[in-house]
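Trainee: Here's the letter readout for the chains.
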Amino acid sequence: MSKRFGAVSACDAVDIEIHRGEIHGILGENGAGKSTLMKMLIGLVVPDSGSIFVDGASVRIADPVAAASLGIGMVHQHFSLVEALTVWENVALGDSGRLSQTGVRNAVGELSERYGLRIDPDARVADLPVGLRQRVEILKCLRREPDILIFDEPTSVLTPEESEDLFHSLRGVVEQEGRSVALVSHKLTEMLEVTDRVTIMRNGLVVDRYMTADADAGMLARAMVGRDVRLRSTEVSEAIPDMHAGDDGATPGVDGPVLEFRKIEVREPGGSMELDDLTFSLKPGEILGLAGVEGNGQRVIADLLSGLRRPSSGEILVDGVEVDVSQAGAALRAGIAVIPEDRHDSGIVLEMSVAENLMLSDQSGMATRGIINGAALAVAASDLIDRFSIMCTGPDALMWTLSGGNQQRVVLAREITADPAVLVAAQPTRGLDVGAIEYMTDQLRRVARSGVGILLISSELDEILELADRIVVIFMGQVTGEMARSEANREKIGRLMGGDLL
Amino acid sequence: MSAQPTAERGARSRLMEVVLLYAGCALGALVISGLIVEAVGADWSTVGGALLNGSVLKPGRWGGTIGVTIPLAMVAIGTIISTKVGLVNIGQEGQLLVGAAFATYFSTRVPGPGPFVLIVVLAAGVVGGALWSGLAGGLRYWRKVPEVLTTLLLVSVASNLVGYGLKHHWLLLDAEAKLGNRNLVSEQLPPDTRLPRITMWGNDFPISAVLAVCLVLLVGWMLSRTLWGYRLTVVGHNRKVARRFGISESAQGMIAMLASGGFAGLAGAFMLTGGDFANYRMVSGFSVSIGWVGLLVALVANNRALAVIPMAFVFASLRTGSGFLASTGIERRVTDVVQGLIVLALLLPPAIMFIGERRRALAAARSRV
Amino acid sequence: MGGLISVVWDVASTDSAYTAAARFAVVLAFAATGEWVAERAGTLNISVEAMILAGAFAAAMGYHTTGSVAVGLACGTVAGAMVASVQAEMSHRLTADQFVVGLTLNILVLGVVGFLGSEWEPSTRTASVVEIPLLVDVPLVGPALFGQPWPFYLIYLVVPLCAWLVHRTRWGLEVRSVGENPQAADVSGIDVNRRRRQSIYLGGLTAGLGGGYLLLGQVGRFDPGIVAGRGFIALVAVIFGGWTLRGAIFGCLLFGSVLSFRLTLPGLGYELNNEMLSSLPALVTIVAMALFAHAVRQPEALARPFIRGLK
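Chains as they are written, first to last, in the working numbering: chain A, 2 to 503; chain B, 22 to 390; chain C, 584 to 894.
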């Protein structure tokens, strides 16, 4: 069996072959075109040119249904389960033909037995933790008996241990049943551990192919990034554990903490705990990495500091003064700047101009007696556009016309120039290309050196190991461990991410 | 250097596209209206002629059309404010009625010189309308009840309330009218509390026309150039961003809702004191759908303040023009059909343009990656 | 207070009160059932008022031309679907705002039927009463539920049918999923806007049928004001019922009873405040929603348009 892509503009003339009975890794940084490629395979994106062959026959894949009928299924990173429905209903979604409740439920039971992915078919997905949701997703996919299974960054919602289990199941699927797996990831270790062959993509192009057995981390890293750079691979970051130890500028000073969480609790409307007795503090000039598997409370912490949620109990202190974050704008006034995880959701107003987005943090400064000073606004915005090299047609360009990286620069420019005491950076490099990532990490270091406390919330362990001075690990809304960077290693953090207490 | 003329030409052809689109859709609506008229056995050209004569062409007619334009424009500009903040206020008909009822109540009870009373009456109208929309706004922000439904439901409550008021002397009913009389009316406004009328080339209309134009321009300017308008827009597009940057959604939303209802109430007060409706009295069915049509004006104007005035005038013309239809032997309700079709047709161009723009943006994004 | 209780008791022990309440409720139930499907798919469809009105007018014309109640009802159903087609295509194909389209349709249809109605003046009468033996003899509610004009009994088909469609079929599963999480449904290979359009069409069919029943089963003579806000009440009944069909039908019965008081009370010799009674459904709804709106879980994507790639 082979699959072939001709010239496609999002992915440029990409050729890929996936053989029966192999785990094929597709490696690349964010924005390298991996996801687009996979979306074309399952019909969510239509290629402009090129062709796809399944078992040697040319096929057209117009939508996910067509893909499923060709035996191609995908386990998505986000957005594919309906929370209000039960497990079996979700598994049945997207099938065709008569709906048989008992049939689907039996199938779910049988599959979870066969692959060791146990689950209650009548549970509502909304009640399941993230790891189990992925299981539902996998079952939904496996039920179609696909020949080709695509996994899009599956481990971002799993602990290292859960990831091991998943890969073990995948081995079984491939070796005993002769299916193929395409594993999309940007993590070198995963590629080396589980794949048979690797295709490496950069900027929409295939830059290299290896038999995994012939490759090592350095080769893959170079191919992925395109040059010899200091790199966020395990080997590299493990090799420089004390990078910050001698860096006096970034060492926490003698002053008290600039940000403190004291016994913070946040309860969901339904009653379950999202943050549970959470206590930590951040010192000026320090980068504190908040590590944890996605969905364990990171989002809630960022929302609290953005003033979007309120704690059920506990206190948040900035510079020793309690801040009532439930007041609109109180967190901002107290000196908390935020680079949000989802900038479209809470970072920018897509329908407004760059200048209008930049003035959000200093609204009254841009107006006299309630009337907006258009000229001054344009000057100030143009200045920031230059300083942060934001690519746009000018201060009046509407936000949605900018690329993701430039939108992120607008956020960065606004938040840094607001002269904050604390900068919260939630997944700051997600969805950015390599150059933009480097720019972002450099800026974060620079800001920390100037004395701002930085709370780095990231599900990328490597990012945290590279940047943070101190690391706090959370699991199910609780702190499971805290350590200096010099004491940290992957295994230790990995265990804490899975809920083991120190 | 060569890029600029191309861009300019692109912009010009885009503009042509927009104009053609709107013209095409409007034409389509008129053709369908014509077909409906023909279907009931009348001649579309005589009907069209009668409408034009009745609204602007015949002597003295356009003054009356302006008189109808005023409340329509007020309702529409209020609607634009609530839409800007992301609320769907569709209860202007009720807000207008309550505003008019408040105005009526105070018109004969407040002592003092005429102009003073007039100002009190107009203010009462604003307060009444704002109160009615504020009710929906309050329920929206404190009890999470969708404002679409409350504003709508409060229309029927308002008209029942006014109906009740018109049966009771202590509320609105004229002291001299007897209970049981089918014509339930309020006391007529004394002449010195009415809005003065301007006479111009054989047409006359109330002075509120000037005020209305000023208010429309003022609101348009405020929405685009002041911090208030800026904050309203931020809330309308992204509530979370607004909240983070210290803009309270509920405060801005309440202000917008109150302003929106206030303008509808003012429309009601203008109708009462202007003289083009119901002869300076409150009667049952006083609002004559001005609230609904004003809402349509805002929709058709696509929430641009400047477009409100011409659009309000067009819709007012349909109404005043229908007075001349009797001679053609066709029901005056035909103008409701024309009006509805025009609105439906004018909803199409923005939607079509949005789809086109999105397609272009997607293509651009694809070529950029 | 004691007075109020005795009034309620008097009403509750009168046969005709149940009959009147059932008649009001069943029009609401026809419309609310389809509206429920549309809302489960994510459309807060306010043009349901126009659908009922179009249904009533078409039923009048159908009966006027053929003299057959069945043909009249069929015409009404089709007319409801025609209004639905405008709503569905404009809001879920052309991405126009659903409230704006709905509102415009309400006004347009009122204009069209008002105009055509006064030009054509259809003459109609109500369908004959068919009593279902045995069941009609059940005390109090028997005549109300089983002694009505025959189109009334269609409700016993429409409600279970829609319940089955939404809860037991694949189509229904997909409808629920597009109302909850359209992005997920899209990824699973479901044409989100197509399902939404179909659910609006279904809403148009039942609302049109309800309009046909209103005219031929109840009022008997066409007037442009015949619907009198019933569509809005049906829509509210769905919300009142917390987006379950059972709850929606209960809401219809409740509001139907309130509406019927206007007819029942004078017959029992009570003075009544007409304005107050007319406002009651609206007031009850507003109060109920003020109390429960924050507690009830609505379809996650209700009233949110779906455009692939945009949130």
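Just to be clear, a hint being listed does not mean it is correct.
Pairs of lysine to aspartate or glutamate, EDC-like flavour, derived with a Cα cap of 20 Å [stated by the list, open to error]:
1) K264/A / E483/A
2) K261/B / E883/C
3) K261/B / D363/A
4) K493/A / D166/A
5) K261/B / E352/A
6) K261/B / D343/A
7) K261/B / E269/A
Simulated from the structure, these hints should not be mistaken for laboratory data.
Computed from a predicted model, the values in this text were never measured in an experiment.
Trainee: Each hint should be assessed against the structure and marked as holding or not.
Mentor: Status of the hints after comparison with the structure:
1. K264/A / E483/A: 15 Å, holds
2. K261/B / E883/C: 18 Å, holds
3. K261/B / D363/A: Status holds; Cα separation ~17 Å.
4. K493/A / D166/A: The given pair, whose Cα atoms are some 18 Å apart, holds under the 20 Å limit.
5. K261/B / E352/A: Judged against 20 Å, a Cα distance of about 14 Å means the pair holds.
6. K261/B / D343/A: 11 Å, holds
7. K261/B / E269/A: Holds, at roughly 18 Å.
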